[in-house]
Amino acid sequence: MGFHGRAHKPDDSCYAFWIGASLNILGAYNLVSTTHVREFLMIAQHSHIGGFCKLPEVSGYSDLLHTYFSIAALSLMHHPAINPVHSAMNVSKRAYERIVHLKF
Numbered sequence: 001m002g003f004h005g006r007a008h009k010p011d012d013s014c015y016a017f018w019i020g021a022s023l024n025i026l027g028a029y030n031l032v033s034t035t036h037v038r039e040f041l042m043i044a045q046h047s048h049i050g051g052f053c054k055l056p057e058v059s060g061y062s063d064l065l066h067t068y069f070s071i072a073a074l075s076l077m078h079h080p081a082i083n084p085v086h087s088a089m090n091v092s093k094r095a096y097e098r099i100v101h102l103k104f
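Note that this note's numbering numbers the sequence shown so that position 13 is 13, with each residue one more than the last.
No lab work stands behind these hints, which were simulated from the structure alone.
Please note: incorrect hints may appear among the correct ones.
Unchecked claim - Straight-line distance between alpha carbons at most 30 Å, and here's what the computed DSS-like set of lysine-lysine pairs gives:
(1) Lys9 <-> Lys54
(2) Lys103 <-> Lys93
(3) Lys54 <-> Lys93
What the hints assert, rightly or not - Ranges between beta-carbon positions, derived for each pair:
(4) Thr35 <-> Pro10: 13 to 21 Å
(5) His101 <-> Asp63: 16 to 24 Å
(6) Ile99 <-> Ser33: 29 to 37 Å
(7) Ser92 <-> Ala7: 29 to 37 Å
(8) Ile49 <-> Ala81: 17 to 25 Å
(9) Leu55 <-> Met77: 33 to 41 Å
(10) Gln45 <-> Phe104: 35 to 43 Å
(11) His78 <-> Ile49: 36 to 44 Å
(12) His101 <-> Ala81: 24 to 32 Å
C-beta: ideal position from N, C-alpha, C; glycine also.
Build the full structure now, drawing on both the sequences and the hints.
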């Protein structure tokens, strides 16, 4: 349902962003089954303390890295409550627009 970084490894929530963003940069995000990835991320949420876990296991705990990249992945899926992310820069599109207009 999700993505993993290497063969024979379990699906990992952060790869929803890493692989999704890579495909988005290549113009191939349409190859992603967003329904399956979204379902994977929803079961990777920690139901008691919030955030996202690396793996959707009952004994896992959420952490900042996997929470951030899971939210960024949901942004790639155009989640209405999350600002769009610029895939290549891994910042909000709003921040990206400000960066490109800075004068150095």
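Here is how each hint holds up against the structure:
no. : hint                         : result
1   : Lys9 <-> Lys54               : holds, 12 Å
2   : Lys103 <-> Lys93             : holds, 18 Å
3   : Lys54 <-> Lys93              : holds, 25 Å
4   : Thr35 <-> Pro10: 13 to 21 Å  : holds, 20 Å
5   : His101 <-> Asp63: 16 to 24 Å : violated, 34 Å
6   : Ile99 <-> Ser33: 29 to 37 Å  : holds, 32 Å
7   : Ser92 <-> Ala7: 29 to 37 Å   : holds, 33 Å
8   : Ile49 <-> Ala81: 17 to 25 Å  : holds, 20 Å
9   : Leu55 <-> Met77: 33 to 41 Å  : violated, 20 Å
10  : Gln45 <-> Phe104: 35 to 43 Å : holds, 41 Å
11  : His78 <-> Ile49: 36 to 44 Å  : violated, 27 Å
12  : His101 <-> Ala81: 24 to 32 Å : holds, 26 Å
The structure fails to meet hints 5, 9 and 11 from the earlier list, while all remaining hints are met.
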